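Student: As a plain string of letters, each chain reads:
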Amino acid sequence: MNKLCFHCGDPIPTDLHIHSQLQNETREFCCYGCQAIAEHICGADLALYYERREMDLAKRATSDSSAIFDLLKDPSLYNEYVFQESNLHSIQLSISGITCSACAWLIEKHLANQVGVVSISVNVSESLASLTWDSNETDIHILAQAFQTIGYSAQPHRHGEQDLVQKNERKKAIIRLGIAGVGMMQVMMSAIAMYAGDLQGMEDAYRHLLRWISFLFATPVVIYAGLPFYKGAIRDIKTRHFTMDLPVSLGVLLSYGSSVLAFYTESGHVYFDSATMFIFFLLLGRFLETLARSNQNSQQTKHSLEPVKVIRDGIETTVPTQKLAVGDIAIINPGQTIPVDGTLLSELTNVDESSLTGEYSPVEKNKGDALHAQTVNVDQKIQLRVKQVGQNTQAATISRITERALSEKPRVAIIADTVAHYFVLAVLLTATITYGFWTVMGEAEAYWIMVSVLVVTCPCALSLATPVALTAMTNTLKRHGLLITRGHVIESLAQTKQIVFDKTGTLTQGKFSIINQKNFSNEHSADVILSIMSGLEQNSQHPIAQAFRPIQPAAVLEIQNITSLGVSGFFNGKEFFFGNLALMTKIGLQQDAALHVENGKLALFLACEQQLISVIYLSDVLRPEAESVLRTLRKNGIRLSLLTGDTRSSALSTLPVSWFDDYETDCLPDQKWQWLKQQGQTEVLMVGDGLNDVPALAGATTSLAMGASSDLAKLHSDAVLLNNHLRTIPEAIEGAKQCRRIIKQNLCWAAGYNATLLPLAVAGLIPPWVAAIGMALSSLIVVLNASRLNTL
Amino acid sequence: MESLFLLIPIAGIFVVIAVIIFIWAVKGDQFDDLNREGERILFDDDETDTKK
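Here the protein sequences come in this chain order: U and X. With full-length UniProt numbering as the guide, the letters of the first sequence map in order to residues 1 to 792. With full-length UniProt numbering as the guide, the letters of the second sequence map in order to residues 1 to 52.
Accuracy of the hints is not assured; some may be wrong.
[Said to hold, decoys possible] As a list, the in silico BS3-like pairs of lysine-lysine whose alpha-carbon atoms are at most 30 Å apart:
no.	chain 1	residue 1	chain 2	residue 2
1	U	Lys744	U	Lys635
2	U	Lys367	U	Lys586
3	X	Lys27	U	Lys171
4	U	Lys478	U	Lys381
5	U	Lys478	U	Lys171
6	X	Lys27	U	Lys109
7	U	Lys497	U	Lys323
8	U	Lys309	U	Lys323
9	U	Lys478	U	Lys172
10	X	Lys27	U	Lys172
11	X	Lys27	U	Lys167
12	U	Lys231	X	Lys27
13	U	Lys73	U	Lys381
[To be verified] Just the calculated beta-carbon pair ranges, DEER-fashion:
no.	chain 1	residue 1	chain 2	residue 2	range
14	X	Ala18	U	Leu777	41 to 51 Å
15	U	Glu443	X	Gly38	48 to 58 Å
16	U	Gln84	X	Lys27	41 to 51 Å
17	U	Leu668	X	Gly38	16 to 26 Å
18	U	Tyr78	X	Ala25	28 to 38 Å
19	X	Lys27	U	Thr219	21 to 31 Å
20	U	Tyr264	X	Asp29	37 to 47 Å
Just so you know, these hints were derived from the structure itself, not from any lab. Since this is a predicted model, take the numbers as computed values, not measurements. Even glycine gets a Cβ: it sits at the ideal position worked out from N, Cα and C.
Using the sequences and the hints, build the whole thing.
Tutor: Structural data, given as structure tokens:
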């Protein structure tokens, strides 16, 4: 039976019985941390949280992280992060673990009940909280603890300049959208009255009033709300690369201009309604598109405070990472990420370098060895001498390669832009020729015929065709677990001809799993042996220990770490040793143990009283869906490549080469990117996860990062696989193709409509109101066609 | 029908006021978190219920 924790949704180990009577029901938990949090939440009358949250999972209770707030005891840092106004102090906190509005509600209610809190507000999209308190009654350390008791961890946060600029842009976009919406409604109302007047007669005085009203409301919409389009158009003209902005601006400005002329001379027809509606719909489309993507980006540009312990002048103090200087001696605890490059001063430790190399087994480091930023210290408390900080660390070097790769990224042709290019030229040419022709013929209405041509060819439907389809598809894919963060992804996914996979963490799960077990003892059953192993590993930060987490640990006492070898501890009064072959050698069991070493797998031995009890094999295993997904992709004619930083033998032991068309092992981050460039293909999709994939991700035409990737990998990829499920890749490619078909249909329809009416308009046969209604209808059809993508 | 000459401009003035309030609201950060505000009312309602 597989029960799930009431608080965090993780499976509860069998034989573990932690439960509480909450809300008149028995709730079970996976650990005491979760139980404490849930009891606290329900005890504070906040149980509504569990009913209202969107996903049945919260962050599992983690160790105390409020140490960060100790940094704020330094007055200079306190002033930097805390805004003070007499005794009212306020701070911005970035909170991890917020998933939906229920979390925000829980935090606000809980914090508001604390003594001394003046105000608290939580922003879900940005995972930020602003907290104001009375410094006479409480302090930030107590409040940080309050976050902890309900299962969230808070970090002091400061907005970067980039964030503020983006925030302002966003506000402006909302204001533009609001003005366009309200303005459009007013102009539409007047327009309907005027159309009715055209049909059943209307006194000139009223018509003139309505024209005045339309003019007054259309003007701010056209001038202020339409500004982004005109800026785009000016950029297009400067760079001579036409996008849809140019025909859009042209359509808006010409119909507005001619309407103003008609209004002023009290003749002809006004098109204020078309111009405003057009602006509103396009702004709406753009806004929804940015909204769909903004979540991801705001997560990535955090400027949070990270504490690190250093020894300066013989005294141990805590400073923020940013203030580490070359030559400092930093102290790194097991499980902590090393923030800088440095040299190891302690005797020995193991370091998980998977973020740099993709190799998931920890690497042994001896005194004097180099340690790299962004790697994780695994099993010893160590001291290191800082060699490089900030921009000079090896991780920062990868970032620099990445920037170069990004600037050389091949571009895919976006259909809409290609169409726009020819369209603009064709429209301008036709309008000029029409005007010229009718003027030569001595036609007094020549100008109005030209306007009618421009309105008929107004690229409403044409310029809506692509964005509405893309917005619909972006939302659909997000529902399926793929978050698109760059505009071109859907079009380039549809053209994918080659997919390059990283191995560790992408095709495989990137962590150790138990493969099989051999037992040599009659005294203990297999289950008991596993639980002894789990008990021995329960306090370890080593990646190997993760494999034993799902197993209920036995009560093992006096656990001791034997660096680089394994662990030992007492169970039922007997001493057990659990570790690698070297540990067995040390206790004199080498001959027995050596028989059971297998290639490509990690073998660990359990021994007691000079007897080998069990051997267990661990390895990184493939994601269960990997094989069928690769087969599907290949059947669809896509070339598959494998690019890994692992050694050849380690790569081949988990993955059959025959699944791929080509493969490359032992790749450094830079080599991965170079290899991609050599392919000379433009339609390449790169799928990866680690820091070592970042340059390749940035350099590939399209790139996809797994949801569990490093932040930098997500930042530089075009899409993020939120659900970590490879099956989503073929689905997304299929969806992208469908989207491309819809875009083509839309473009054909819009262009066809324009082409049919154009000759009639050129001949001066179309009354202006027919042109206006036709335009609205054709836009509607385009929007409806795109909405089919929502149901995929 | 002459009343239109008075009523339509008055309606226009209301629209302008509405837009000004809207801009004020956006500048006051009220539109910062579009995921959140739509659901806030649901939570507050229930909360008063549980207290009764």
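Student: Hint numbers the structure violates, sorted upward?
Tutor: Failing hints, ascending: 4, 7, 14, 16, 17.
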